[in-house]
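Undergrad: Could you build the full structure based on these sequences and the hints that come with them?
As a plain string of letters, each chain reads:
Number of protein chains: 2
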Amino acid sequence: MYRTNTCGELRIANLNQEVTLSGWVQKARKFGGMIFVDLRDRYGITQLVFNQETNAALCEQAVKLGREWVIQVIGAVTERSSKNPNLPTGDIEITVSELNVLNASETPPFTIEDESDGGDDLRMKYRYLDLRRTPVRANLELRHRMAFATRSYLNDLRFMEVETPVLIGSTPEGARDFIVPSRMNPGEFYALPQSPQLLKQLLMVSGFDRYFQIVKCFRDEDLRADRQPEFTQIDCEMSFIEQEDILSIFEGLTKYLFETIKNIDIPNFPRITYADAMRLYGSDKPDTRFGMQFVEIKDLTEGKGFGVFDSAEYVGAICAKGCASYTRKQLDELTDFVKRPQIGAKGLVYVRYEADGSLKSSVDKFYSPEDLKKWAEKAGAKPGDLLLILCGETEKTQKQLSELRLEMGNRLNLRDKNKYNCLWVIDFPLLEYDEELNRYFAKHHPFTSPKPEDISLLDSNPGAVRANAYDLVINGVEIGGGSIRIYNSELQKKMFSVLGFGDEQAQAQFGFLLNAFKYGAPPHGGIAFGLDRFVSIFAGLDSIRDCIAFPKNNSGRDVMFDAPSTITQEQLDELHLKVDWPKK
Amino acid sequence: MYRTNTCGELRIANLNQEVTLSGWVQKARKFGGMIFVDLRDRYGITQLVFNQETNAALCEQAVKLGREWVIQVIGAVTERSSKNPNLPTGDIEITVSELNVLNASETPPFTIEDESDGGDDLRMKYRYLDLRRTPVRANLELRHRMAFATRSYLNDLRFMEVETPVLIGSTPEGARDFIVPSRMNPGEFYALPQSPQLLKQLLMVSGFDRYFQIVKCFRDEDLRADRQPEFTQIDCEMSFIEQEDILSIFEGLTKYLFETIKNIDIPNFPRITYADAMRLYGSDKPDTRFGMQFVEIKDLTEGKGFGVFDSAEYVGAICAKGCASYTRKQLDELTDFVKRPQIGAKGLVYVRYEADGSLKSSVDKFYSPEDLKKWAEKAGAKPGDLLLILCGETEKTQKQLSELRLEMGNRLNLRDKNKYNCLWVIDFPLLEYDEELNRYFAKHHPFTSPKPEDISLLDSNPGAVRANAYDLVINGVEIGGGSIRIYNSELQKKMFSVLGFGDEQAQAQFGFLLNAFKYGAPPHGGIAFGLDRFVSIFAGLDSIRDCIAFPKNNSGRDVMFDAPSTITQEQLDELHLKVDWPKK
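Keeping their order, the protein sequence lines are chains A and H.
With the first letter of the first sequence counted as 1, position 416 gets the number 416 in the working numbering; the numbers rise by one all the way through.
With the first letter of the second sequence counted as 1, position 197 gets the number 197 in the working numbering; the numbers rise by one all the way through.
Hints listed in this document are in silico derivations from the structure and should not be mistaken for laboratory results.
Check the hints yourself; a few may be wrong.
Which copy is meant is left open, because identical chains are indistinguishable; a pair holds if it fits in one copy or across any two.
With a straight-line Cα cutoff of 30 Å, these simulated DSS-like cross-link-like pairs (lysine-lysine) come out [as the list claims (entries may be wrong)]:
no., residue 1, residue 2
1, K494, K64
2, K578, K216
3, K518, K30
4, K339, K399
5, K64, K493
6, K285, K339
7, K125, K494
8, K285, K262
9, K285, K419
10, K27, K518
11, K382, K399
12, K518, K125
13, K399, K321
14, K216, K125
15, K417, K374
16, K329, K298
17, K493, K125
18, K518, K64
19, K262, K419
All values derive from a computational prediction rather than experimental measurement.
TA: The following block contains the structure:
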């Protein structure tokens, strides 16, 4: 038997017990005639003590132990003379009587401590050592607990987890598929699912009523910082329900997770329409941990000879509380921030509402203090506050103002990682117009149902049609979203025609779903949460990568595995494939 | 709101309540002035009644309802005049006051009944309709419950579920990989994992201590009846444990599932060595629901002039209780059975131990009744029994005798699907000799640990070395298996040398694991159960296909999805691939 106890469980109550422990040497130090070793496993750290006086031979063995060696010890639980209140096992130590080295270790390329000295690349290459660090392992433990609690919650509500296939057919619409050549069907390919969307809708046609799956999804996209080619969704679908049922069940799930995992009681989630979210925050995933809502002041700025505002479609302000004292340098920084190519504003107008009640702005040439006062009043500014104003084409400017708002949130420490603001964004537009391709695209997917009261607009003003679609946003991060689906064939045909799909094309791309719908599809809808993001939010992480055991880098590469890699000619021949790329 | 209740929950206690139900029309029939409709959903069936006398207009609507239409009704719970004791809702019916057709249905291509009139191919093409049938859906519900209970059990024992990547590197050893071309790294490929074996061992190096995952695995093999290109494993690994720990925890899991899912109490699992399993059953996955163990009678047959036995390495008998009365025809059938090319025996010898105590055999020319009596005694035969005897090269003959034993088990109805016999097969050989390639292969995988007492045989007699490897067998089906792994570098080197791997080759194929092992690998081992087979056994199914929502056929094809399929030239170009196969 390798151990009687873990390294995290012995307490003063175990005094004088003879125990066997196994684990890794966290550190060893000599002190007088003693050697102290911190022994670590997943469950904690226990101090071992080797006494030169009582057992010289053992000490000689112990002195050779290096960091990360795997050892087994037998010894007695004794009370520490100097206790460590920061360690659950800090009241005791093990006076070792027998030591077995199970495995030696080379010196690891970086320290296995909460704060490691290893850079990103090194830690990714030796991911198995990085995973030894307590905070990294804690992220994975959190992920396990969240997934497990999610399953419990959904199982209690009679959701059935159904595994859908990973090898499916390629559907050209949407993002790019990863494809898998079929050896048994040469020249043909499977695709890896971007989501089980069509399959879960089929399961509703099958009468499964309440489906869920925690499932890997795949998208062959150029990776941004927070994207992975494979990611995990909590995927759900329900029949005979309305939007309200889905919101209430998945708001319940979110609250349940906060409560059971983090012991935080979250109040009922506010709901905001997409239109309001854009108007007030310039974003469909607003961070509502702080206010600083947009105020439109176009009407107050007109006709004073300031051409920039006069010619702008939109003039919007945010009020930064207590920032009237911002220096020239700080204001220049903000101007530079909004002028960065990623944001793209032409400039930034500010109004300082000084503590003494006077008003100073970068547009004093055009506007009187009375004019500025009106802006300040509309924005709810008080003496000591700072107005920041952007103008231009409405949608673009709102997005820029949104970035500025988040930046100000950061500067004012209003985005506390330990505070959680959840909200539903609802009433998304059904369609998005693509200027380049000169056609409408489904914002969610072609099976999303329009709001019944907007169906009549499908012909006259498709862009104004709102969908029964919703997103869950926490702290400015889109955790997931979903929609009520179309289940009526006539409406589906109408939708395809708005999207410019001919019957034939619709049949080719979604044939099996359309066929299935002929045999009695129930009203249904669903939602999917991104598990990686959800865990990141719970863990207070900046990147989803840190809650994935073996993530890929921005080139889609697993540097530890050295994957992807070349394969043998034999493998290619069996698949009847040729690579049209110069060999390395 | 689409419903106040499901179709499975209303009882006599709900009498006179006004309810709303939604579901599918299972069947509709006219009877006198009434129309009766069976309304079905996932939860059950409720009878609806439309009364011509009290509501003629409604009846006119109802008479149009076809099979599988989706409807919503409002009505009152009333007591049935003729109750149906076979239906949980059989005491009541709904007297309908309002009917809404939610969706019509074309006539389905086969009946949605427990016993359908649809053939296999048709049902696979319309899998979404096949899944509507209660027994099919029940298999998927069972699968959900087994997976959920497995997670609960393992979570309680502090196992952590860790998701390992689906896009990994190709490892040439083992079965054939599915590969995935990387667009971002042209000419390079990911592979889909055949199992997370190496990754879970890395997690042990990372100190995760107890890992599990219910995970999809992929093998590009030519499919046999009971193989799928993607399948699901309950995959586990533990550190600081010995074989006994793994057997006890996973015997516990199996018992827990039988108890919670099927309410069956399974006694402690017998254990049998691989050697005994081969000797007594000719199989490493013996069906122990019945005895009929092999008896070796070579010693009793020699020197009587029967050359066939005399020249055979092995002569083995099984005793079929009560079969002395088998007719010539029946015996011929058995002879034909063992002579089939798949089995390949040269012939079958029988001995009838007649009820009157006399003995008659197909080899009476060579053996006296006294000789035969000795055989019968050794085989534990009693008057009325039948001995069936095969001979030849030991291993081959044992396999043939195993097939004959199973056939006799079938004929004698000894293989009851409602009886469950679980056992551990242990002490598997570490290595298997490949005559063709003239080298040893790892029977399990190259990281499986030999039994410590056999390590010294690695040089002198590698074929005799037993592994710390084990399989769980239920009713003759291998549910899963695993092993204790090598964690000592020296022993690993030795193992590679026995397998004929050079250092370089070992490094190329398993480099990252060997590197990881340099930094303090703990003693570890694991196991993996095939979830598909496990569910099949619980469900009493003949094929794993029936417990998979969207399975593939024997050509690896999903006929519903029509996958795999050709992809666009654009997709191929982006991947820098050319297909070397004539277009269809």
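Undergrad: Taking 30 Å as the upper bound on the Cα-Cα distance, should K27 and K518 be classified as within, between, both, or neither?
TA: between (68 Å within a copy, 18 Å between copies)
Undergrad: 30 Å Cα cut-off: does K339 pair with K399 within a copy, between copies, both or neither?
TA: Within one copy only: 13 Å inside, 78 Å across.
Undergrad: I want to check one pair: K382 and K399. Are their C-alpha atoms no more than 30 Å apart within a copy, between two copies, both, or neither?
TA: Within one copy, since 25 Å is at most 30 Å while 90 Å is not.
Undergrad: Between the shortest in-copy and the shortest cross-copy C-alpha distance, which are at most 30 Å for K262 and K419: within, between, both, or neither?
TA: Cα proximity of K262 and K419: one copy only (11 Å, versus 45 Å across).
Undergrad: Indicate which option fits the pair K518, K64 if close means a Cα-Cα distance not exceeding 30 Å: within, between, both or neither.
TA: This pair counts as between: shortest inter-copy Cα distance 17 Å, intra-copy 74 Å.
Undergrad: With identical chains treated as interchangeable, where does the CA-CA distance between K285 and K419 reach 30 Å or less: within a copy, between copies, both, or neither?
TA: within (16 Å within a copy, 56 Å between copies)
Undergrad: Is it within, between, both, or neither for K125 and K494, if the alpha carbons may be no more than 30 Å apart?
TA: For K125 and K494, the Cα distance is within 30 Å only across copies (27 Å; inside one copy 52 Å).
Undergrad: First find the shortest C-alpha distance between K399 and K321 inside one copy, then the shortest across copies, and answer within, between, both or neither for a cut-off of 30 Å.
TA: Within one copy, since 21 Å is at most 30 Å while 84 Å is not.
Undergrad: For K329 and K298, with the copy left unspecified, which applies at a CA distance of at most 30 Å: within, between, both, or neither?
TA: within (27 Å within a copy, 100 Å between copies)
Undergrad: Checking K285 and K339: alpha-carbon separation at most 30 Å within a copy, between copies, both or neither?
TA: Within one copy, since 22 Å is at most 30 Å while 71 Å is not.
Undergrad: When no copy is specified for K285 and K262, does a C-alpha distance of 30 Å or less occur within a copy, between copies, both, or neither?
TA: within (23 Å within a copy, 47 Å between copies)
Undergrad: Reference check for the pair K518 and K125, CA-CA at most 30 Å: within, between, both, or neither?
TA: between (52 Å within a copy, 14 Å between copies)
The structure shown violates just one earlier hint, number 15.
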